[in-house]
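A.B. asks: All chains, please: the whole structure from these sequences, using the hints.
Going down the list, the sequences are from chains A and B.
Taken in order, the first sequence gives residues 0 to 1048; the numbers are from numbering that gives the first Met the number 0.
Taken in order, the second sequence gives residues 0 to 483; the numbers are from numbering that gives the first Met the number 0.
Hints should not be assumed to be uniformly reliable.
Listed next, the in silico EDC-like pairs over lysine to aspartate or glutamate satisfying Cα-Cα at most 20 Å (straight line) [claimed, not checked]: (1) Lys707(A) to Asp41(B); (2) Lys105(B) to Glu782(A); (3) Lys840(A) to Glu101(B).
Derived contacts from chain B toward chain A, CB cut-off under 10 Å, selection only [what the hints assert, rightly or not]: (4) Phe44; (5) Glu45; (6) Gly56; (7) Ala60; (8) Tyr116; (9) Asn117; (10) Asn123; (11) Ile124; (12) Val180; (13) Thr185; (14) Ala186; (15) Tyr312; (16) Pro473; (17) Gly481.
Computed list of chain A residues with no C-beta within reach of chain B, every gap over 12 Å [what the hints assert, rightly or not]: (18) Ser299; (19) Lys416; (20) Arg620; (21) Thr761; (22) Arg948; (23) Thr952; (24) Tyr994.
Worth flagging that the hints you see were computed from the coordinates, not collected in a lab.
A quick note: this is a predicted structure, and the numbers were derived from the prediction, not measured.
Heads up, the beta-carbon is just placed ideally off N, CA and C, and yes, glycines get one too.
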Amino acid sequence: MIFNNSAFNNSVKINMYMNKTRMLDRKWIAGQVGGNGLCCIKIKKQCVVILAFMLTMAVSVFARQEGEYVITGKITDVKTGESLPGVSVQIEGVNKGTETDSEGNYKITHQSGKLTLIYSLLGYKNVYKEIAESGIYNISLTPQETEIGEVIVIGAFTRKANTYTGAVSTVKGEELRRVGNQNVLQSLKNIDPVFLQIDNLTAGSNPNVLPDFQLRGQTGFSDLRGDQSNPNLPLFILDGFESDLTKIIDLDINLVESITLLKDATAKAIYGSKAANGVVVIETKRPAYGQIRISYNGSSNIEIPDLTSYNLTNAAEKLEAERLGGLYFSDNAETLLNYQLIYNNKLKEVLAGVNTDWLAQPVRTGTGQKHSLYLEGGSDQLLYGVDMSYNNILGVMKGSDRNTFSGGISLTYRTKKVLFRNKLSVVYNEAHDSPWGAFENYAQMNPYSRLYDEQGRLVQYYNYGQNNATKVGNPMWNATINTKYLSKYTDITNNLYAEWSVLDNLRFIGRFGLTKKSPSSDIFKPASHTDFVNYDIFQKGSYYKSNGENLNLNGDLGVNYSLTFGKNLLFFNGQVNISNITGDNVYMEAEGFPNDNMDHIIFGTQYKKDGSPGGYETVSRSAGGIASINYSHNNRYLFDANYRITGSSEFGANNRWGSFWSLGAGWNIHNESFLKESKQINQLKLRFSTGYTGSQGFSTYEALATVKYFTNTSYNGAIGSYLAGLANPNLQWQKKYDQNVGLDIVLFNNLLNARFDYYTATTEGMLTDITTPQSTGFTTYRENLGEAENRGYEAHLSARVWESKSKRNYIRLFASVAQNTNKLKKISESLRQFNNEQDEKLSNLPLARYEEGQSMNTIWAVTSLGIDPVNGKEIFVKKNGEITYEYSTGDLVASGDAQPKINGNIGFNGEIHNFGIGAIFTYRLGGQIYNQTLIDKVENADLSYNTDRRVFTDRWQKPGDVALYKSITDRSSTRPTSRFVEDCNTLTLASVNVYYDFRDSGLVKNSFLKSLKVSAYSNDLFILSSVKTERGTSYPFSRMVSVAIQAIF
Amino acid sequence: MIIMQLYRKSINRLWLLGAVLFVASSCNDWLEVRPKSEIPTDIHFERESGYADQLAGVYTALYGIPLYGCDMSFGLMEVLSQNYDLNTNSVYRYAAMYNYNETGTKARIDRLWTMAYNCIANLNILLEYVNKADPAIFSDNHYEQYKGEALGLRAFLHLDLLRIFSPSPVSNPNALGIPYVTEYSTAVTGQKTVNETLDLIINDLNAAVDILKADSIRNSNTYYADRRERLKYFNYYAAVAALARAYMYKGDKINALKYSEEIIAEGETFNSVFPWTHYSALETTYEYECNRIFSTEHIFSLAYSGMDNVVKYYFTSLAGDNDLSPSENKADVIFERTAKGYGNDYRMLKGFAYDGEKKYFWKYHQYENGPYNERLPIIRKSESYYIAAEILKDSEPARAVELLNIVRSYRNLSAFSLPDNLTPDEIRQEIYKEYRKEFLGEGQLFFYYKRLNSARIEGAAVNANDAIYVLPIPDNEIEFGGRK
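C.D. replies: Given below as structure tokens:
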């Protein structure tokens, strides 16, 4: 092996500067390197340098020291006298060093004579000490005059926190991991109530159903006619590039460095046409300098089904409810006889002691595990980080799981002027849905039905009568055969980042990101599945398979420039970017699988009869540019301006390009002369911002006239084409106009921290269907019409109520509140027509209707005065105030709002002698819910299925009964009435965690371990709710308990 | 200072600036995406095949259930002419009572309107592109054929819509007619009066006739091209016959006669492209070989793929309640079997058959491997004879009778020739009877009544007027199009 000797020397010398502080202070490095006569290393020599570096590492690991002498000491803060842990102590010229322990003590050994030690710590000035012999050298470090200050990562570039005027909240990775270890968003929603997870009472804790989130309220219509799903989802940016929700959910939480929520116009504007719903910027860890460091995080996660919201009847009660409900009464003597037979058969089972707990059948306690390993290290020239993780989630329904395997490599190479960073990550995910089917199928089974017959065989059908009309299937049957619901994906992402520092204050940045995701899914139902009872033998059994491929390419070029003149500071960022997103998905179905074990599509005897392949194909391109200026005068008066221009293939040909802007202003009152000396007020910052962002959310080709081909018919031997729809070339994105006023306060020597924001956000040009006269050839087209407003405030407060001198022991309390009201200001004619269509539907649940002046989440119901004690009928109030027994959709009024008025959290955390504890409660107040359980299982209860206990106790039975629910014999279907609109206030113990850090124990001090921490978590331990409703109908909710271990070597 | 440095640098790299400008200008092209599942019209109409496929698409839609595949021929339109005896539970029972506001009937009428205008939109996009296309991209005479077909078909569809949804010119020529839509756009097209709308239709048909002079149907057959294939498309003669129909509807007898004479002349030539159906095609050994649809006489017919799957649910025992057949008594009256002894009229003799217990209207019956399957007549040559006869009944009654006798002779009624000395009124009567017989199940009789604004529709319980003749346009059309 040949390598350049001088390059080797260079690398050694550069290695010795491995230390965080200096790296941040690039000027210093440049100076030092220059001073030592080491000119910047040419890129050509890089491979040599890499080899040299690796060799150096090897040498340093295996080298043995002889005739050494010992240097010890304690390092303290020069002002406070507190001991400083974690100070890096390095020997100049050699790749050797140590860190101070928790008491600020250090010990280092060396063999040769004279040497220079470099003491450094983030936020302190470096100290150089020449040492000639063994001894105790106590050092005091001076804090750096100029605050390094926190930076805010807004994706494409960063901003200094103290001069930024946007409304953002940043959550550090540590904080996230304290709250929970499930996934990033799960923790985030518990920390910041503005990031609201929409309750999904149906899907419960199904690990394979993506949750829906909103940031500052609803901006678009949800699924009006099934063309778009969750139009309110914020934009997710992972390491600078747009990412989908699945990827964020499956992201290893241990890799997260920080999450920043961008809420107002100033913060969001750089994302332009996609940012209306807010932006979640996630940064993953970057490798740290130094010798190889291995971090391991492992946990065992126990999910326990939470069925406390169910209040079902037992066998005897159920049969009695059936009898009271008149199921066994008839005027016809013969029928009556038959009914009595059925009743007696069931009674026999009840008396025989059958009381099946159906709810317990499909559920389990899932014990999943999670392991993640992270290796990092390197010199200041080349840094590496390698991550591997395995996450196995076992859901509470039997057979339901989600497995994620991921791995990644991050490399950073840096010279004086140039920096390259490349991150490659691969994720493989495999998820099974439970073959047991929907949970509600079990909840509706009657408790007097036994699971196994006398011979111990699973019962396939229950039939208590003599004819087949009363035959009921056992949902467990299909779970016992080899039914398969599998979905998989592989995601490969490579992000390259290059930076060229032309001058101290001028940098060019280039980035290129590539993501390829290949999802697939398989659904296999064997021949014995109950779906195929009446099928031909060659059609029994079915297999559905879909395969997809998505490719995202993103690139951008940017420039950062900063300028200081006098007391003025100016930052400028410019960027041009380009992206190309393609998606392709194909599915097919085969049938005829004679054997349950032939669970692959190739064993099918034929394609599905009359079936045809399906799928979709999309292409979306965009290009644009950003100009962003941040100006501050004397660190007191702050100003931000952003401009974004975007061209997108999704916009109409007439509106290909759109521009978005924002302006922000701020005032650092604490830097004014009258407050500057104040010990009480550390920060008082007033912010204001205004501007436009957009959101797309319409199908790619609606703006473009396109034709499709007939698929199943032809004309005289030719297959014809036809127009896909009425194109609207004027179509453009929805625009959202945000205004935000905010206040940041830090008081009493950083003990109290508060943030307050008030905002209004108006969505203009909401995309809705416009009804056209059919003479245009079509019935509707898409147009920008409609306006909605969100208005609200949010407040966060945190206080260190107690802390020890060393700041190691502390207790912190925090609370936050978010309030949002939503109002439709303008709607289109076709929405009015949509309302009429909705009114014509005979639904027993309130349907979405949209009216001006009302919230988009309004619950529409007819006002009810309750049940008439005389006859058990419901009394309604008409719109004109009249009282009637007649139900009419014309009397529907806004009876509630499904969104909470306020939601928030309250919690604490603390640490005493390495033992930490924390808890977060989340709450929602105001807002209503339409109690589906009451409607389905009490009021409209179908007594042939199991019902809620209240059917027994709360329904009207005889004249004079003051009952909540209509007569038990009334089998009509109750339509939406205000009787079932209930105030929904909840309090959830969202997270509890305890940990013990072994940093001071001998276990860590006297071993290769650098750190060791054992934690226990619990999520959603209990939920107190003012509404008694079944939660998790098709999949139950779970309580999560987790034990985790974290070690660094 | 820095800026100066930068400036100097960039001067040296002017080419970089040039490159940036080039990138920016080509950006718009790059943002134009080409989806696979849906083809942007700009690309679709770059090649000849796009035009051919688009026309095929329109013809495919034309034989759909809402249009000629049912409601605009043997379905709704024929029901309105009262030629059927419906079951009490038939889906058409309210339509037969002219109760246009009944939900099912209203939906059926709305669907017809919507689909017809959808076809028009599909033709308009084709016309938009053909008008700016380079004729060089088309082979042979295809440029003219596509353009003429689209233009003619658009006018033809508007004519049928006008005949359905607007008062007849006899009743109220100045009433507002249906919108004559000539653009694919979200813009709403205004209404003109019935007469003005008819003029627009006639203008376009005239233009189509002119362009279609290049139609290969007017050439003689070659070894590699059968000109009769063109009968399945809106060909030159279809445009001429439609023009005769439009003039007749408007009451312009001179022009109506002129164009119907052109059809008659072509129809009588030796080797005509639409010759009379020979009796040997009707007197066949096997029922399935019988040409009861008189297919050779169609000037324009639709190649109705999958016709059996539709017609069997109306014209066989599978129809159940929805059977669309005249009762045996009614058929007897229509074909004057008892009255005049016309029982051997092929249209009756071959037009009805037993399927199980009951006799069904058999004109559209699709025999397995039948040689005349999947043909739906849209314009018949006989219509031109009737138009000419109607115009000539006063001035040249003998010629009028002769024209009627020609048609009758090919219907096995040579032995029952009408006498030359019929009065104009008697001729009118005979023409009416011919319409009833010839177009049974084809939806034309209703328009015959309407053209004359006849107060009586044979078999209807009420007197006819515009309340019956003018079908309601869809509510959304009125509300969002500002229609009156």
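A.B. asks: None of the hints should be skipped; say for each whether it holds.
C.D. replies: Results for each hint:
| no. | hint | in the structure |
| --- | --- | --- |
| 1 | Lys707(A) to Asp41(B) | 13 Å, holds |
| 2 | Lys105(B) to Glu782(A) | 28 Å, violated |
| 3 | Lys840(A) to Glu101(B) | 19 Å, holds |
| 4 | Phe44 | 9 Å, holds |
| 5 | Glu45 | 12 Å, violated |
| 6 | Gly56 | 3 Å, holds |
| 7 | Ala60 | 7 Å, holds |
| 8 | Tyr116 | 5 Å, holds |
| 9 | Asn117 | 4 Å, holds |
| 10 | Asn123 | 8 Å, holds |
| 11 | Ile124 | 6 Å, holds |
| 12 | Val180 | 6 Å, holds |
| 13 | Thr185 | 6 Å, holds |
| 14 | Ala186 | 8 Å, holds |
| 15 | Tyr312 | 17 Å, violated |
| 16 | Pro473 | 6 Å, holds |
| 17 | Gly481 | 8 Å, holds |
| 18 | Ser299 | 46 Å, holds |
| 19 | Lys416 | 15 Å, holds |
| 20 | Arg620 | 5 Å, violated |
| 21 | Thr761 | 25 Å, holds |
| 22 | Arg948 | 43 Å, holds |
| 23 | Thr952 | 44 Å, holds |
| 24 | Tyr994 | 51 Å, holds |
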